[in-house]
Every structure is written in C-alpha cells, then in structure tokens.
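So you can see what is in the structure, the chains are spelled out below.
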Amino acid sequence: MKYDLEPTLPAPPSTTGVLGWLKRNLFSNATNSIATLIIGYFLVTLLGPALQWTFIDSDWFGDSPAACTSGGACWAFITYRMDQFMYGFYPDTEYWRINTTFLIFAVAIVWLVVDKTPYKGYVSVFVLFIYPIIAFYLLYGGSFGLEVVETHKWGGLSLTLVLAVIGIVAAMPFGILLALGRRSNMPIVKSFSVIYIEFWRGIPLITVLFMASVMLPLFVPEEITFDKLLRALIGIILFQSAYMAEVIRGGLQAIPKGQYEAADALGLGYWKSMSLIILPQALKLMIPGIVNTFIALFKDTSLVLIIGLFDILAIVQAANSDSAWLGFSTEGYIFVAFVFWVFCFGMSRYSQNLEKRLQTGHNTR
Amino acid sequence: MSTQETHEASDQLMIELKEMNKWYGDFHVLKNINLQVKKGERIVICGPSGSGKSTMIRCINRLEEHQKGDIIVNGMELTNDLKNIETIRKDVGMVFQHFNLFPHLTVLENCCLAPIWVRKEPRKQAEAAAMKYLERVKIPEQALKFPGQLSGGQQQRVAIARSLCMNPDVMLFDEPTSALDPEMIKEVLDVMIELADEGGMTMLCVTHEMGFAKTVADRVIFMDAGQIIEENEPHEFFNNPQHERTQLFLSQIIQH
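Each protein sequence line maps, in turn, to chains A and B.
The numbers in this note's numbering rise by one with no breaks, and the one at position 87 of the first sequence is 69.
Positions in the second sequence are counted from 1; adding 3 to them yields this note's numbering.
Quick caveat, the hints were computed from the structure, so don't treat them as lab data.
You can take every hint at face value.
Straight-line distance between alpha carbons at most 16 Å, and here's what the computed EDC-like set of lysine to aspartate or glutamate pairs gives:
| no. | chain 1 | residue 1 | chain 2 | residue 2 |
| --- | --- | --- | --- | --- |
| 1 | B | K42 | B | D172 |
| 2 | B | K86 | A | D246 |
| 3 | A | K239 | B | E67 |
| 4 | A | K254 | B | E112 |
| 5 | B | K71 | B | E19 |
Simulated DEER-style distance windows between Cβ atoms:
| no. | chain 1 | residue 1 | chain 2 | residue 2 | range |
| --- | --- | --- | --- | --- | --- |
| 6 | A | Y252 | B | Q70 | 20 to 30 Å |
| 7 | A | S166 | B | G78 | 27 to 37 Å |
| 8 | A | E337 | B | E236 | 47 to 57 Å |
| 9 | A | T13 | B | L147 | 45 to 55 Å |
| 10 | A | N11 | B | P143 | 52 to 62 Å |
| 11 | B | E144 | A | I188 | 57 to 67 Å |
| 12 | B | P143 | A | E337 | 22 to 32 Å |
| 13 | B | E247 | A | A236 | 39 to 49 Å |
A virtual CB, placed ideally from N, CA and C, is assigned to each residue, including glycine.
Put together the whole structure using the sequences plus the hints.
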C-alpha cells in the first residue's frame, strides 16, 4: 500500500468582513444581542454628555471664572494655573532649570527605550551616575552661578516626577539586594532581609512619611536637620524596596534549579551567576510585577501632601480653595487623574513592548 | 567506532573518591564510595534509578556536598573553600539531563559566557573558540539562535560545546540522553563517541545507553542503593556479571 502526501492547504479565512464579525461577536444569539443593545444604550447615554461637558461646552482659556460661560467644563481654571501645577512655587525666572533637567532626562530615556540606538551602555552610565549630579545642581542650585531654590518651593508635577523617578531608580537595586539576601544561605543576611521586608511591608506608607517628617527630627540632635523632601524620599525608597524585593524574589523562585546548577558548574561565582544568568531571566519574568510596583509607587507619591509637600495633587487641591476660583474642583481632579493616567499608561505600554522584545523563542520551561 | 585498542589511559589519577559518604537529612544516599579514575579514562556508571549515580558525579563538582570522606580532583582536594570549589569547577565540565542552557542568551553567547567571565578571554578569541566547538558538535549554523528555537538533541549538543569551551580536563555527563526523543539520542551519542575517540578527555557518564557503554567505556560501574556493587571492563561486565543484583539489572534492560 502506498500513501500519497496530502497537499498543504491555506487556512480557512477567519473573518467574513465587518458584518460577519459583528454577527459572530455581538449578535450571535438572543442573549448576546440583548446584552449588546443594553451596553450600547448605556454607552451612548453616558458617553454623549461626558464628551459634551468635556469638549463641546467647555471653555479653555481665561483669567477668571467669568470666562467660563458655556456651561461645560471650565478648563480655564487649569490653563490659568498651569505654571503652578507644573512647577509649584519655583521662581518663574528659573523655570528653564526644571525644563532643562527634564528635557535631558526625556532625551536620555527615549534614547534608552527606542530600539537600535547606539551607545546604550554609555547613556545608561550617564543617566545613573552623571545625570543625578547635573539634575541636583540644576534643580537645587547653589553652584555654577545658579541661585539656591529651597526644596519647599518645589512642587507640582515636577516634584511628583522627582519623587517618582528617584524612588523607582533607587528602590530597584535595594529591592534586588534584599531579594537575594532573603534567599541567601547566610543566616545574618537572610534574617536581616526578612525582618526588613516584613517590617516595611507591615506599615502603611502614610505612617512612614509621618515618622520621617515628624518623629525623625525628635530623635536626632537639633543641629542636624535633614531636608524634608530628602526625608520623604528616604521613606519612600525604604518602603518601596521591600515591595520590590518580594516581586523580584518571586522571579528568582521561578527560575529552574538547573539554571543555578549550570552556572555553578561553569565556575561562575555567586555574583556573576546572579548578574549574568539568574537576574536577567528573573527580571524579565517579573516585568509585569515590577511595572505594577512602579505604577503603584508613582501614584503613592501623592501621599507626600500629608507632610506638607506640594506635589501635583496637593497643589491642585490648594488651588481648589482659592476664593476667586471656587467650584472647579471637578476640573482639578480630572486634570490630576489625567496626568497620572498618562504616565502610568505610558509605563504599562512600555512594559508590554519590553516583554515582546525580550521574548526569545519558545520557552523550554 | 571503537578505539579501545588504541586508547591508553595514563597512570596519572584524575579523580579519586575515598570513603565518600553523603546523607540527605537522615537518608544515607552514598555509602563508602571508593573510586579512582585515571586521566583520559572513560567510565560509564549505570544502575537503577535512585541508586545514587547522579548524586555521586554531582559531588565531584560540588553541586552536592558530601559529608564524609575525600574527593580529590586533579590533585586538589575538594573542600568547603569557595575559591577551591571554583578552581575545581573550571577543570570539570558538566552536561545535564535537561541541558540547562541559558534561554535568554544565544547559542554563541551560551558558549562564550564562561570563557569571557571566568577565564577572562577577549570576546573575539572566545567566540572563535566557541565556533570551533560548535562545528565539532555539528551545529555552527545555529550559533545566533536562542536555545528555545532548537530541538532537544541540538540543545544537548550545544550544552556539550558550552562545557568544552572551558577546556575541561574532566567531563561529567548526567544522563545526557534521558530527556531526548528517541530519534535524537543518536546525534548526541555520536558527538560523545567522537569526543571519547579523540582521547585525552576523562569522561564519567551516567547513562542507560548500554550500546554506548559497550562502544566507548574503559570501565563500567554498577551502583545500587548508594553503593558501587560491581565494576569491570565492558565486555566482562555485560557477558559475565558477577553480582546477583547486576545480573538482575542487566536481564531487565535487555528484555526490553
């Protein structure tokens, strides 16, 4: 008996146009059709007025509430105070310093994020080691002929970004060290990591910030004064690194034992096998969790308002109580939500892109 | 295939296990293991599962710690000192049942990693050497792929090349073909036979491939319940097993 090879056929067409898609996905049977109609009805009735209020009946510019006559959103409230929302109480002649700082940062980040740009290594070194010094002298001043701008004048979105960026960049390495420490065989290192992580995870961030701003000064001699922003930052970093550590530990545990053994068998020492073999895989695996923590950290920075730092949320709240502009808190909060959403969504999209790019064929796991 | 006639192991001892004992908790896995392996000697270790054969060779590069007795590799006693362990690991290559390639690195990077980071070779030189070994295991064309894109047999050959890149004196094979589909076993065994035929490499191989044992081994070791029960040159071992347990094991293998 002789078998002939069956010919290879193209796959059947998966869709039959828009109508076919609609029929299959939205109106496949009675229940589905009713659900589609009900949801469609609510979308139209809710979305219509929302769009009307936000865009069609809205007023965008003006220097007093009198400019808002259309009955919709009064974005003039936002645009009129945009400088304050962005820069806080930073002297307006020095805005260029904040702009330059963030411009350099944005260029460097885009450079690192975009595929196929050369010299990524040098740019990373610049961002991690040289840029912080430049940023400090630009923002704080006190050298190179720049006047000092005390941190209590910092505020708005620029303060939020300073807190978030420094928090994220510093919490990551601490988190990695703590995660490695918790899995270490050395009893002292291990118990230190466990106690640290469990302590910081057990208390709310608000408490940490309160302690940093109110209690810490009670315990140290009076002549030593830490900057309030610095204290808040240290609190955020200590707190978030505990969370980061647990996320990374999850990744470390997911790496098969064989990877550790293969690295050992090749004679790579502990640090080399961690940094070349284990961490690259663990971090890649935990991108969703790590970005989740970053996003949470970014939003948590708004808690600094309770210790009197004016991040973007705090400054909008302050503007809400301005007697000349009463009654526009809806616009204010929507604006803050939108700003946070843009940044968080950006991080989330980038993480998805990163996951795809780091995919290396079928996983053998 | 066999070059047993032409092959001569030197008298220099490469590995020596003296009264080695190991416990997992209260469980006595390895009992008084005594073994001497000469430089260039090729040894096959077989036995039923759970007999401690993998554990024994994993003690030689300290993937497992032994509790009693001595292990001497290339004249150096294996101690708890990290430097000492790393030195021995540089001389001892290992091939695992599940390949354990690094999935985030290309085949070439897998091979160059240890030469570059452990032996501090310049990248160019390490890559050239790696390509030479990839040609030897017959997959130079896969050098820029990731391990996940290769078949099991190809992955295991990469794993062999990766170990060879460190120019080890000893190669340990821990059931290198057990996780492979039947049609891929031969390509891996061929590479191992070639390596054995070249001579000079001390090989310890835990395997169930009795054909391989007959072809290349200088000595076959049979283990059961954590002990070495019998050791002999292959012809005698297969045709005239002394111990009852060995006879039973061999009869069970041959039946299938």
